[in-house]
Amino acid sequence: MWIKRLTNFFTTIYTNPTGRVVLLTLYYLAIIAGLIIMYGRGNFTTPKFVYQGF
Amino acid sequence: MRATPRLLSGMISLLILIAALTGLDYYARSLEQRYVSALAPLDLNQTINGIALQRAALYQSDLLPVYGSSEITMIDTQYDAEKFFSAYPTGFAVFNVANFGAASLTMAQDLAALGPDLRGKKIVVSFSPATFTMSKLPPDYYAGNFSPLHAYEMIFSPYLSITLKIDAARRMLDFPDTLQSDGFLRFAILEMTRPSKANRMLYYLSWPLGEFQIMTMQLQDHAEVLSYLWSHSVSSGVKKTPQTIDWSSAFSSALTAQKQHTLSNSLGVEDEDWWWYQHVVTKPIPAGSEDKGFIYRVEQHPEWIDLDILLRVLQELGAQPLILSRPMNVQLWEALGVSEQAQDTYYVKLNSIVNRYHMPLVDYQQYGTDIYFSIDQGAHTSRYGWVYVDQTLDEFFHDHLH
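Here the protein sequences line up with chains Y and H, keeping their order.
Start counting at 1 in the first sequence, then tack on 1, and there's your number in this note's numbering.
Start counting at 1 in the second sequence, then tack on 1, and there's your number in this note's numbering.
If you're looking for bench data, these hints aren't it; they were derived computationally from the structure.
There could be a bad hint or two in this list.
These stretches of chain Y come out as covered by chain H in the derived footprint (C-beta under 8 Å, 3 or more residues) [said to hold, decoys possible]:
(1) 4-16
(2) 27-35
Incomplete in silico selection of chain Y near chain H, CB under 8 Å [as the list claims (entries may be wrong)]:
(3) Y40
(4) R42
(5) G43
(6) T47
(7) G54
To give an idea of the chain H side of the interface with chain Y (calculated C-beta under 10 Å), a few residues [what the hints assert, rightly or not]:
(8) G145
(9) L230
(10) H233
(11) Q378
Just so you know, even glycine gets a beta-carbon here, dropped at the ideal spot from N, CA and C.
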């Protein structure tokens, strides 16, 4: 039942031009956030080596 | 709006992203400024491989950044500058950016990454004669200190001359393993070092992408620092205890401590390293027998090319550096078949290169006959040697260096 209500809620917003832009913007931001979380982390580690003088 | 909702949403998302990243950058910089003094003694990986904390340190009037190698990190002692000045006795503390095996080319990239922030700033560049007198820089040492962020900043820096960047790029190509995983950086380096105009054009065309990559890595650098601060309880306060340093007492206690660590031999070698050198006693090497090889090695050493690149970076960015070398242990090197006269080759060459740039140089050559200044052939600073270095740093910071 709650899925149906949620679908109706989003459908109602989506039919409104402004609501559609807001929803799309949130959708895009969620994708960007996901990409940053998955691939955004830098790698500042360096390979290990044994220092034995020069 | 009905015709282009996706385009509009895309643009709004982009604007929000740019605003969020700008906010993150601003927030991170303010936190880094606040915490850099507290983070200085922790010698974080991010301090060495990033630039955010190094940049923050440059703007602290009571931090003296010291760039160096194993002569700084080799022994853990209360006399090393980081600990010696940790309570800001004379009004400053040391901010070490040092790691084992970090040579001139690594430091050049690191300093190039700081760009115009270096202008007018006092910094210390430290190294030991070992990098110029012993084997060539091993590729694994270079790789172990290689920072892609620093490398990108060096290659795409708008603040350095193209000739300097090409010279640095040529040397970076001598360590191909470090470029293997980054095709774009390798491409830019190869194109800039090739002689034709078409190649140079390709390098310039790659510039915007290089700048974008730098921007991304800088944000990642900030994120790493923020992540550390959020996951560790770090207090931004630093205890400062002004006091007059009793140098003669420091020299005396450091010398006593150093002697306690060199009881096994009469050449000033640290006890735990003596096994490496004891053959010079059991099977003596004829005096001066290694001179020829030593002089050839020093004169041809590629590290001089890298030192020249490093000094040009400092000059073009307008830094106020102190160049700090260390004395070779004359008696130990003589026991290893290299006469004092041959050892002078290093100092002569060092002075001739540094003097070209009119930068202050302290090489401590006069202490070469003091066996307690360093702990081994590599001129790694001893407890006693550190007090001399501390005194030099203090004089440099307070503009009393002669």
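Subject >> List of violated hint numbers, smallest to largest >> reply: Of the numbered hints, 1, 3, 9, 10 do not hold.
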